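S.K.: Sequence:
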Amino acid sequence: MQITNNKNIPAFVELWGKQNSEYSGKNQGDYITVSNLLDSPYRRYLKNKHRNVEVDITKLNNLIMGTAIHSALEQVMENKDEYLVEERFFENFKTEKKKWRLNGQFDLFNKGDKILWDYKTCKKYARNDPKRLEEYKNQLAVYAYLLSENSEYNYNDITIKNLLIIKDHSQIRDNFDSMIVKEYPLPSKEETKKIIIENLRKHETDRKYCTMEERWNDGTEIAIYEMLKSGKRFRKNASKLADNQIEAQKWVKRKGLNFENLKFEIREDDDTRCEYYCFYNKFCEYYQENH
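Counted the way numbering that gives the first Met the number 0 counts, the sequence shown spans residues 0 to 290.
If you're looking for bench data, these hints aren't it; they were derived computationally from the structure. Please read these numbers as outputs of a predicted model, since none were measured by experiment. It is possible that part of the hints are untrue.
Label-pair ranges, simulated between beta-carbon atoms [stated by the list, open to error]:
| # | residue 1 | residue 2 | range |
| --- | --- | --- | --- |
| 1 | E197 | G230 | 52 to 60 angstroms |
| 2 | N47 | L256 | 51 to 59 angstroms |
| 3 | K110 | K188 | 32 to 40 angstroms |
Glycine included, each C-beta is placed from N, C-alpha and C at the ideal position.
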């Protein structure tokens with residue numbers, strides 16, 4: 000990645016960005032990191048093909064915030080015998096087509112209570128988003144697998160937890176804490192190995208696009224607005240978001256509502272990740288054809 004500074008951001012910020020934008024994990028050829036394993040195969044392809052993509056420092060605020068918090072917590076915990084901090088482990092895997100070298104670096108492991116931690120700086124919606132939390136859980140489970148294969152710690156004895164640091168939290172408006180601990184049930188070791196193998200197989204395809212889920216596109220939904228008691232206008236906020244027409248009709252029937260007092264709005268979701276969070280969209284065939 001080549002960092003540019005087209006908005007004349009102070010030079011010390013640019014220097015910090017350049018020093019912290021290089022990813023330490025091995026992610027080319029037969030090597031693949033845990034985060035890339037669980038991500039889109041096409042994004043990994045684009046990352047490796049366009050490693051010198053130009054990105055302005057103003058687009059790296061999420062990276063800067065996340066790295067700063069990780070660095071601060073790492074400094075507090077390093078050189079303490081009861082913790083493993085920012086350890087990277089490797090393990091070999093084999094599919095029907097290829098041999099792989101998986102590597103992953105977790106944030107913290109407490110040797111005493113055997114809790115494996117991963118820190119996440121995220122927006123408030125992520126704390127209750129099933130898809131995002133499933134991703135976080137799978138990432139921790141794979142880290143636990145790598146740890147157990149490279150140390151004396153038994154996989155089944157490990158507890159996996161996230162520390163979620165909510166970056167858009169408002170002390171005034173929000174009725175929840177700005178830091179949240181999420182603990183997940185640890186999948187069996189066999190389940191976690193299956194997750195690893197299934198995702199490795201995805202990276203063996205020649206797929207030249209990201210799926211809707213990988214593009215953070217939830218598809219079409221139907222917003223249902225109820226009429227106010229005055230009968231003059233509809234509510235500002237939707238009473239229900241339905242994934243399809245059948246779900247919308249069932250909700251209306253269950254609530255005993257009159258269709259004449261309802262407004263229906265079809266919402267098409269955006270490719271949020273492509274549009275705002277992908278540095279490689281300029282090289283992506285799908286993005287160029289659809290945006």
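S.K.: With reference to the structure, classify each hint as holding or not holding.
M.R.: Quick rundown of the hints versus the structure:
A hinted range of 52 to 60 angstroms holds for the C-beta pair E197 and G230, which are about 54 angstroms apart. The supplied range of 51 to 59 angstroms is met by N47 and L256, whose beta-carbon atoms lie about 53 angstroms from each other. For K110 and K188, the Cβ-Cβ distance of about 20 angstroms falls outside the hinted range of 32 to 40 angstroms, so the restraint is violated.
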